[in-house]
Amino acid sequence: NAGVTQTPKFQVLKTGQSMTLQCAQDMNHNSMYWYRQDPGMGLRLIYYSASEGTTDKGEVPNGYNVSRLNKREFSLRLESAAPSQTSVYFCASSDQGMGSPLHFGNGTRLTVT
Amino acid sequence: GENVEQHPSTLSVQEGDSAVIKCTYSDSASNYFPWYKQELGKRPQLIIDIRSNVGEKKDQRIAVTLNKTAKHFSLHITETQPEDSAVYFCAAMDSNYQLIWGAGTKLIIKP
Numbered sequence: 002n003a004g005v006t007q008t009p010k011f012q013v014l015k016t017g018q019s020m021t022l023q024c025a026q027d028m029n030h031n032s033m034y035w036y037r038q039d040p041g042m043g044l045r046l047i048y049y050s051a052s053e054g055t056t057d058k059g060e061v062p063n064g065y066n067v068s069r070l071n072k073r074e075f076s077l078r079l080e081s082a083a084p085s086q087t088s089v090y091f092c093a094s095s096d097q098g099m100g101s102p103l104h105f106g107n108g109t110r111l112t113v114t
Numbered sequence: 300g301e302n303v304e305q306h307p308s309t310l311s312v313q314e315g316d317s318a319v320i321k322c323t324y325s326d327s328a329s330n331y332f333p334w335y336k337q338e339l340g341k342r343p344q345l346i347i348d349i350r351s352n353v354g355e356k357k358d359q360r361i362a363v364t365l366n367k368t369a370k371h372f373s374l375h376i377t378e379t380q381p382e383d384s385a386v387y388f389c390a391a392m393d394s395n396y397q398l399i400w401g402a403g404t405k406l407i408i409k410p
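Residue numbers (the working numbering), protein chains in the order written: chain A, 2 to 114; chain B, 300 to 410.
Hint data in this document are derived by calculation from the structure and do not stem from the laboratory. Do not rely on the hints blindly, as some may be mistaken.
[Unchecked claim] Facing chain A, from chain B, some residues (calculated, C-beta under 10 angstroms): (1) GLY340; (2) GLU355; (3) TYR396; (4) LEU398.
Here a beta-carbon is modelled for each residue, glycine too, at the ideal position from N, C-alpha and C.
Isolated chain A (complex conformation) (with noise of 0.2 angstroms):
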């Protein structure tokens, strides 16, 4: 089992390109979810998805879009990125909500210059 598999590893935008990061898990986790870790800071929540079919905003949603394209796949969408929006960016999945535990994946390291 690959576990959560993100692509890409890392990305170097300009302000106002748009992108995706991807995100796959393999598990059968009902929910999934997007944070962002800035440097030495902690993690902070920008969308989660608790179920197919359903998305919800998190902590940071602004400038965010995201699409839960079935069970295993959900994407996070930058339509006009900004300096502000250089971060790495965590998908997580889990079996039963944020009761249970998370499974993280390897991270995008993005960068908006």
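Put chain B on the given structure of chain A with help from the hints.
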């Protein structure tokens, strides 16, 4: 809403000694408290978790204690080893079923 405070922000201990990291939370309805370890450049990984119906849980050299009355929980690592060096995050699941994270503790194990 829930607020989780984590202390200290940096902890340096001699190899073989014990390390204790403390977190406090504000929502008395919180009932799930996980701890995650993040090595440099890697993803966070769950190392231990505890639910509100239990006061203590151990897994080899790692233990977590929970004091619901005082609303704090702690991570205890005994006989520390170089591979314990990492950033440790606590979290609490609040009454809205959201995980609220602490800011992290950088643990340094001195040889």
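Against the structure, the hints come out as follows:
1. GLY340: The hint holds - GLY340(B) has a Cβ within 10 angstroms of chain A, the shortest such distance being about 9 angstroms.
2. GLU355: violated (19 angstroms)
3. TYR396: OK, holds: TYR396(B) within 10 angstroms of chain A, min 6 angstroms.
4. LEU398: Holds, about 4 angstroms.
The structure fails hint 2 only (numbered hints given earlier).
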